[in-house]
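Protein chains: 2
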Amino acid sequence: MDKKSITIGLVGGSGKMGQWFRRFFTAAGYSVEIAGRKTALTPVELARKSRVLVVTVPIAVTCATIKELGPYLAKDALIMDLTSLKKEPVEAMLKYSGAEVIGTHPLFGPRERSLKGKNIVLCPARGQRWLPWLKDLFQSYGGHLEIMSPDEHDRAMGIVQGLVHTAHMAMGMTVAGSKFPLSTLGSVATPNFKKKLQQVRRLFSQDPTLYAQMLFYNPYVLPILESYMDDLHRLVSAVREKETAAVEKVFAGVRLYIKSGK
Amino acid sequence: MDKKSITIGLVGGSGKMGQWFRRFFTAAGYSVEIAGRKTALTPVELARKSRVLVVTVPIAVTCATIKELGPYLAKDALIMDLTSLKKEPVEAMLKYSGAEVIGTHPLFGPRERSLKGKNIVLCPARGQRWLPWLKDLFQSYGGHLEIMSPDEHDRAMGIVQGLVHTAHMAMGMTVAGSKFPLSTLGSVATPNFKKKLQQVRRLFSQDPTLYAQMLFYNPYVLPILESYMDDLHRLVSAVREKETAAVEKVFAGVRLYIKSGK
Chain A
67 MDKKSITIGL VGGSGKMGQW FRRFFTAAGY SVEIAGRKTA LTPVELARKS
117 RVLVVTVPIA VTCATIKELG PYLAKDALIM DLTSLKKEPV EAMLKYSGAE
167 VIGTHPLFGP RERSLKGKNI VLCPARGQRW LPWLKDLFQS YGGHLEIMSP
217 DEHDRAMGIV QGLVHTAHMA MGMTVAGSKF PLSTLGSVAT PNFKKKLQQV
267 RRLFSQDPTL YAQMLFYNPY VLPILESYMD DLHRLVSAVR EKETAAVEKV
317 FAGVRLYIKS GK
Chain B
67 MDKKSITIGL VGGSGKMGQW FRRFFTAAGY SVEIAGRKTA LTPVELARKS
117 RVLVVTVPIA VTCATIKELG PYLAKDALIM DLTSLKKEPV EAMLKYSGAE
167 VIGTHPLFGP RERSLKGKNI VLCPARGQRW LPWLKDLFQS YGGHLEIMSP
217 DEHDRAMGIV QGLVHTAHMA MGMTVAGSKF PLSTLGSVAT PNFKKKLQQV
267 RRLFSQDPTL YAQMLFYNPY VLPILESYMD DLHRLVSAVR EKETAAVEKV
317 FAGVRLYIKS GK
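Heads up: the sequence lines are chains A and B, in that order.
Under our numbering, think of the first position of the first sequence as 67, with each following residue one higher.
Under our numbering, think of the first position of the second sequence as 67, with each following residue one higher.
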């Protein structure tokens, strides 16, 4: 295969993840072109000439972008998106293009140097030709691939992103509300709490709109957050009533889950 | 100073943290003796002969142990406890012994190999003689000391231990309740979520009674948990109503706190 003859197009490729994949595909030997609001090449022109079109625009405009560009893709081309949601974008790609479709979610941020040891979810939705190519490419750089349905992916992200980010955001709010100086908390921190403070600080250095979109667009986020509030209520009641047995019961239940998952 | 002539007594020294400090004081060159329910030496005999008595029994029996042994300590001796609470134990040490008193909280677990880079809170409550000795000893092994009042310590632990442990426990409950196999979650994990799963798993490998006691005995835990539930409620409402502005406001507030704490 002459890699250079395969143009990989990145729509919205000036964003951080877009730039990451631009470097990645370029290093792998492919011709990479980008198009966006500020490029001379228009997204439509890019869609026409790409063998692989990667949609890497914000979640809020992903489906509209797919709708706009899908019709210009060749039937033997591949269209993929990189958002942290899969159901709606995959449905849009199937509906608005005739190309092969692989919903893709790289589970890492743009600061990572390489794919090594990083998880990537693939939701192959149409076609057989490009999937082996994409798997080989990611695996050859050490990525761990997980094949899932879009629905299963979104349910999992309700936990991996929705629950964890919300819990960290609430923790940031509570710590800020406590008025305890951050420097004092640092000097009374356990190794565990030091990590937690780092995670919370990192979250709050990110773009709030991106986090809001991750929470709002995935329909599985709200139910998992409601479960979390229920579980928290049970624990807080146990603390209020000093019920050791309730805490022991919680430990027993979660340990059983952890054990069964090995 | 002839270190060997100074007997450091550990009451309840067969527990994990007791063993850790037995090794630490021994390596530092002191004579260390322990007494507990299973030793030939009784706690009272140990209290009589110790220049430094370290109370390292479970929180639930700490004050009773201090009450029992305090009267046997020499006036120029030192009594210290190692619990994660300071107000009640320090009050008990002041009340039931005539010795110097330093409430002590090592902010690390028994798995740590050395003091290097670890935080220790000291709450000196009576006497001038032993404090420089204890500070020098901990600092010479790389420990970071923080001097606080017992009340300030307990308020800080409401966050460092109460809030963080409860949030992790609730997360364990919610993840278990989701019925998602742990192995699937691992293969769709971000680097951040991998760390989170490790923290949650580590928590649930500990003793539930110890965690229950940390939550129940510190009066500052319940109010901070109630704040956390309020903050979480606000976030969940923002998710339900898809209010991006509310998420942006949260980010702005927490960022201001982080900035002011530098």
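Hints are supplied without guarantee of correctness; some may be wrong.
Each pair may be met inside one copy or between any two copies, as identical chains are not told apart.
The list that follows gives simulated cross-link-like pairs (lysine to aspartate or glutamate, EDC-like), each with its CA atoms no further than 20 Å apart [to be verified]:
1. Lys261 to Glu307
2. Lys182 to Glu157
3. Lys161 to Asp142
4. Lys184 to Asp68
5. Lys82 to Asp296
6. Lys115 to Asp68
7. Lys308 to Glu292
8. Lys104 to Glu307
9. Lys260 to Glu154
10. Lys261 to Glu178
11. Lys260 to Asp142
In short, the hints are calculated from the structure, not lab data.
Quick rundown of the hints versus the structure:
1. Lys261 to Glu307: neither (30 Å within a copy, 32 Å between copies)
2. Lys182 to Glu157: Cα proximity of lysine 182 and glutamate 157: none, with 30 Å in one copy and 54 Å across.
3. Lys161 to Asp142: Answer is within; shortest intra-copy Cα gap is 16 Å, inter-copy 83 Å.
4. Lys184 to Asp68: neither (27 Å within a copy, 56 Å between copies)
5. Lys82 to Asp296: neither (37 Å within a copy, 34 Å between copies)
6. Lys115 to Asp68: So lysine 115 and aspartate 68 pass the 20 Å test inside one copy only (16 Å; across, 84 Å).
7. Lys308 to Glu292: between (24 Å within a copy, 15 Å between copies)
8. Lys104 to Glu307: For lysine 104 and glutamate 307, neither the intra-copy (60 Å) nor the inter-copy (33 Å) Cα distance is at most 20 Å.
9. Lys260 to Glu154: neither (38 Å within a copy, 26 Å between copies)
10. Lys261 to Glu178: Classified as both; 18 Å inside a copy, 16 Å across copies.
11. Lys260 to Asp142: For lysine 260 and aspartate 142, the Cα distance exceeds 20 Å both inside one copy (51 Å) and across copies (37 Å).
The structure does not agree with the numbered hints 1, 2, 4, 5, 8, 9, 11 stated previously, though it agrees with the rest.
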